[in-house]
Amino acid sequence: MSPPADSKANSVVIPIAEDETPPHDEQKQQPEQRQDYSFVSLLHSLLPLLPQVNARWLIHGAKVGLALVLVSLLYMLEVVHDRLGDNSMWAVMTVVVVFEFTAGATIGKGINRGIGTTLGGGLGSLVALLAQEIGGIGKPMVIGISVFIFCGMATYSRMIPSFKKKYDYGALIFILTFSLIAVTGIRGDQILKIASDRLSSICMGFAICIVIGLFIFPIWAGDELHNSLASKFDKLACSIEECLEDNIKPLDEKKGTQLANPHSSCIAVLSTKSSDETLANFAKWEPWHGRFGFYYPWNKYLQIGELLRELAAYILSLRGCLRSKQQPLKSCAMMDIGDYYKATCVLLASTLRELGHNIYDMKRSQQRDSILAKFEMTRSELCSTVLVSKLANLMNRSGSMGGGISSTSILFLLLEITDKIEEIVKEADELEKLACFSHT
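For the sequence shown, this note's numbering gives the first residue as 14, with consecutive numbering after it.
Read the hints as simulated data drawn from the structure, not as lab findings.
It is possible that some hints are incorrect.
Pairs of lysine-lysine residues, derived as DSS-like cross-links and limited to a Cα-Cα distance of at most 27 Å, are as follows [said to hold, decoys possible]:
#1 Lys152 <-> Lys206
#2 Lys313 <-> Lys248
#3 Lys446 <-> Lys313
#4 Lys178 <-> Lys286
#5 Lys376 <-> Lys446
#6 Lys248 <-> Lys286
#7 Lys355 <-> Lys439
#8 Lys387 <-> Lys439
#9 Lys313 <-> Lys433
#10 Lys433 <-> Lys355
Label-pair restraints from in silico Cβ distances [as the list claims (entries may be wrong)]:
#11 Ser170 <-> Lys355: 52 to 62 Å
#12 His370 <-> Glu323: 46 to 56 Å
#13 Glu436 <-> Leu143: 30 to 40 Å
#14 Gly74 <-> Lys177: 20 to 30 Å
#15 His370 <-> Gly78: 34 to 44 Å
#16 Leu189 <-> Gly78: 54 to 64 Å
#17 Leu447 <-> Ala220: 25 to 35 Å
#18 Ser209 <-> Val109: 16 to 26 Å
#19 Glu290 <-> Val92: 41 to 51 Å
#20 Ser284 <-> Ala68: 18 to 28 Å
#21 Val224 <-> Ile128: 14 to 24 Å
Glycine residues also receive a C-beta, built at the ideal position from the N, C-alpha and C atoms.
Construct the complete structure from the given sequences, taking the supplied hints into account.
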C-alpha cells in the first residue's frame, strides 16, 4: 500500500552540508573518544604515584621476573626436558620460594633447600628400599615408624631457637621430601633417578638465583643492618634534642603539641629487634663483599642495638616526665637544674650523633677517652651534694612535693641515660677493634 500523496508536502527536509558529520556518525565516534580520554586520564592519575615507588623493590621484582624467564627457558629446552622430564619444574618452584630481597636470605634459603632435599631424599630412598625388601605387612610398618621418628625429630629441632634461626627452612624441606619419597610407592629402580633429577633441578634454580641475586644490583643484608644501626644513633640524638626543646617551650605549648609529636623516633627504634636479628642471620650467609668480610662481628651489632633500645625506653620516660600533667610550672621546676639539664642533653646528643657517624663511615674515633672523661664529670655534677641541696630548696619554693618529685625523676633519668650511653660508647669501641675500623 503506497503512502498518501500529501505526506511529502507535509514532511520537513533538513539540509546537511558536505563538511558536516551526520548525528549518528558522531555517536559512533564518541565511544572511541571517551576511550582515549579514559586512557589518558588513567596515565595522568598514575603519574603522581611514580615518586612513591620504591626503586629497590622495583629492581627486586625485575630480578625475580628475569630469573623466572631464564628458568622457564631452560624448562622449554628439549635437552633439559628429555633429561629431567617433569622434574625440571622443581627449578621453577625453587626460584619462586628461594629468591628473597637480600642476597643473604637467598643464599640461606637455597642452601637450606639443598641440604633438606639431599638428606630427606637420601633417607627417604633408604627407607623406601628397606620397606620393599621386607615386603608384606612389614612394609607399611617400616614406613610408618620411620616417618614418625625422623619427621618428629625434625619437627622438634625446629623448636630449638638456635637451630630455628638458620635451619628452620631446611628442616621443613627435609620433612616434605622425606615424606614424599618414603610414603609414595615408587619402585626401587626409580627412586634414585627421581631423587637425582629433583636435586639437579633444584641446583639449576638455585644457581640462577645466585647469579642474578649476587651480580645484578645486589642488596646485601649486611649493608642493611649496618645502615640501620647507624641511623638509630641519629634518631635517638634527635629525640634527646626534642627533650631539650620541651624544656625551653612553655607548658601550654607543650600540651598543645603533645598529640602532634608522639616521639615516633624512639618508638621506631624500639620496634627493630626482630628485623635486626633477621638481618644479622642473613648477613652471616653472605660472602665477602665491600667492607664486610668473613666472620664479621654481626653479634656485636645486635648487642649495641639492644642497648639502643633500652636507651630509647629511658628517653621516652624522660619525655613523659617533661610532658606530665602533674608537672609544676617550668619557672619553678627547672629553675635550678636547667643549666645542668641543658648541658647534659647537648653532650648526650652530640655523643650519639658522633658515634653514629663513626660507625657508618667505619672509622675509629680519636676522642673516645675525652668523651668518657666528660661523661664521668657530668655524672659527678648530677650526683653532687650541691645539686641535692638545690633540689631541696626547689621543693620548699614549690610549696608541695610535686615539683621536687618531678625534678628528681628528671635527674635520675638523666643519670640512667648517661650511664647507658657510656656503656654504648664502650661497646662501640669494642666493635671498632673487632671490625678493624680505619683511623680518622
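For each hint, the structure was consulted:
1. Straight-line distance between C-alpha atoms of lysine 152 and lysine 206 comes to about 21 Å, which keeps the hinted pair within the 27 Å bound.
2. A distance of roughly 20 Å separates the Cα atoms of lysine 313 and lysine 248; the hinted pair therefore holds under the 27 Å criterion.
3. Of the supplied pair hints, the one linking lysine 446 and lysine 313 holds, its CA atoms being roughly 11 Å apart against a limit of 27 Å.
4. For the given pair, lysine 178 sits about 14 Å from lysine 286 by alpha-carbon distance, which is consistent with the 27 Å threshold.
5. Between lysine 376 and lysine 446 the alpha-carbon distance is near 10 Å, which keeps this suggested pair within the 27 Å criterion.
6. Between the alpha carbons of lysine 248 and lysine 286 the distance comes to roughly 16 Å, so the proposed pair stays at or under 27 Å and holds.
7. A C-alpha spacing of about 24 Å is found between lysine 355 and lysine 439, which places the hinted pair at or below 27 Å, so the restraint holds.
8. At most 27 Å may separate the alpha-carbon atoms for a hinted pair to count; lysine 387 and lysine 439 meet this at roughly 14 Å.
9. About 16 Å separates the Cα atoms of lysine 313 and lysine 433, which keeps this hinted pair within 27 Å; it holds.
10. Restraint check for lysine 433 and lysine 355: satisfied, since their Cα atoms lie roughly 18 Å apart, inside the 27 Å limit.
11. Restraint check, serine 170 to lysine 355: a C-beta distance of roughly 55 Å satisfies the suggested window 52 to 62 Å.
12. Separation of histidine 370 from glutamate 323 is about 22 Å and departs from the stated range, judged on CB atoms against 46 to 56 Å.
13. As the Cβ distance of glutamate 436 to leucine 143 is approximately 58 Å, the hint placing it in 30 to 40 Å is violated.
14. Between glycine 74 and lysine 177 the beta carbons are some 29 Å apart, a value that agrees with the proposed interval 20 to 30 Å.
15. For histidine 370 and glycine 78, the Cβ-Cβ distance of about 38 Å falls inside the hinted range of 34 to 44 Å, so the restraint holds.
16. Distance hint check for leucine 189 and glycine 78: the Cβ-Cβ separation is about 26 Å, which falls outside the suggested range of 54 to 64 Å.
17. At roughly 34 Å, the beta-carbon separation of leucine 447 and alanine 220 lies within the given 25 to 35 Å, and the hint holds.
18. Between serine 209 and valine 109, the C-beta spacing of about 22 Å keeps the proposed range 16 to 26 Å intact.
19. Checked against the hint of 41 to 51 Å, the C-beta distance between glutamate 290 and valine 92 comes to roughly 44 Å, which is consistent with it.
20. The hinted window of 18 to 28 Å between serine 284 and alanine 68 holds, with their beta carbons roughly 24 Å apart.
21. Take valine 224 and isoleucine 128: their Cβ atoms lie about 20 Å apart, and the range 14 to 24 Å holds.
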